[in-house]
Structures are given as C-alpha cells and as structure tokens.
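Engineer: Required output: the full structure, derived from the provided sequences and hints.
Residues 6 to 73 (the working numbering) make up the sequence shown, in order.
Honestly, the hints are just simulated from the structure, not real lab data.
Keep in mind the model is a prediction, meaning the values are calculated, not measured.
All residues carry an ideal CB built from backbone N, CA and C; glycine is no exception.
Accuracy of the hints is not assured; some may be wrong.
Simulated restraints, written as ranges between beta carbons of each label pair [claimed, not checked]: (1) 33 - 55: 22 to 28 Å; (2) 48 - 23: 17 to 23 Å; (3) 21 - 50: 19 to 25 Å; (4) 13 - 40: 32 to 38 Å; (5) 13 - 60: 26 to 32 Å; (6) 61 - 13: 33 to 39 Å; (7) 19 - 64: 26 to 32 Å; (8) 58 - 17: 17 to 23 Å; (9) 54 - 23: 17 to 23 Å; (10) 7 - 63: 28 to 34 Å; (11) 50 - 25: 25 to 31 Å; (12) 64 - 14: 37 to 43 Å.
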Amino acid sequence: LVCRADGDPPPSTRCARDGGPPRARGSRAVSRADAGRYVCRASNKHGSAVRSIVITVECECPGTGRGC
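Structural biologist: Structure below.
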C-alpha cells in the first residue's frame, strides 16, 4: 500500500494499519493477516490530510480451489 501526496512544500506521508506502526516498504506476499483498515496521513507546515481504506484479502490455495 503506497501513500502518495502532492504539496508545496512536499508533504511527508505515513500509512498505518488500525493505528499500528507504519508498514515496512517493499514488496512481499499478501496474506489474510494483512486485511484491515489502513489510514494514510500526509502532512506539511500548512496542515495535514487523512484518508482511510478497508482492505479485504481473498485467496485460494494453489491447486485446491479452497480458500487459505
């Protein structure tokens, strides 16, 4: 999940899950444990903006047709 924002001066951004610490950047496999509400905040000296999104993870075990 990437949090992007534009502004002048450029804002700092932070994305956290359910009020937890920011997630590590980089790619990795997604699992059902990653499901939940994520909040992204962009801030600079003029103020801040906050947006949230709920992520649902659906998966299927390869070759079984069943959920993981």
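Engineer: Please go over all the hints and tell whether each is borne out by the structure.
Structural biologist: How the hints compare with the structure:
1. 33 - 55: 22 to 28 Å: At 25 Å between Cβs, range holds.
2. 48 - 23: 17 to 23 Å: Roughly 20 Å apart at Cβ, these two residues keep to the hinted range, so it holds.
3. 21 - 50: 19 to 25 Å: At 22 Å between Cβs, range holds.
4. 13 - 40: 32 to 38 Å: Roughly 35 Å apart at Cβ, these two residues keep to the hinted range, so it holds.
5. 13 - 60: 26 to 32 Å: 30 Å, holds
6. 61 - 13: 33 to 39 Å: 35 Å, holds
7. 19 - 64: 26 to 32 Å: 27 Å, holds
8. 58 - 17: 17 to 23 Å: Roughly 19 Å apart at Cβ, these two residues keep to the hinted range, so it holds.
9. 54 - 23: 17 to 23 Å: 19 Å, holds
10. 7 - 63: 28 to 34 Å: 21 Å, violated
11. 50 - 25: 25 to 31 Å: Hint holds: Cβ distance 26 Å, inside 25 to 31 Å.
12. 64 - 14: 37 to 43 Å: Once the Cβ atoms are compared, 41 Å apart, the range 37 to 43 Å for residue 14 and residue 64 holds.
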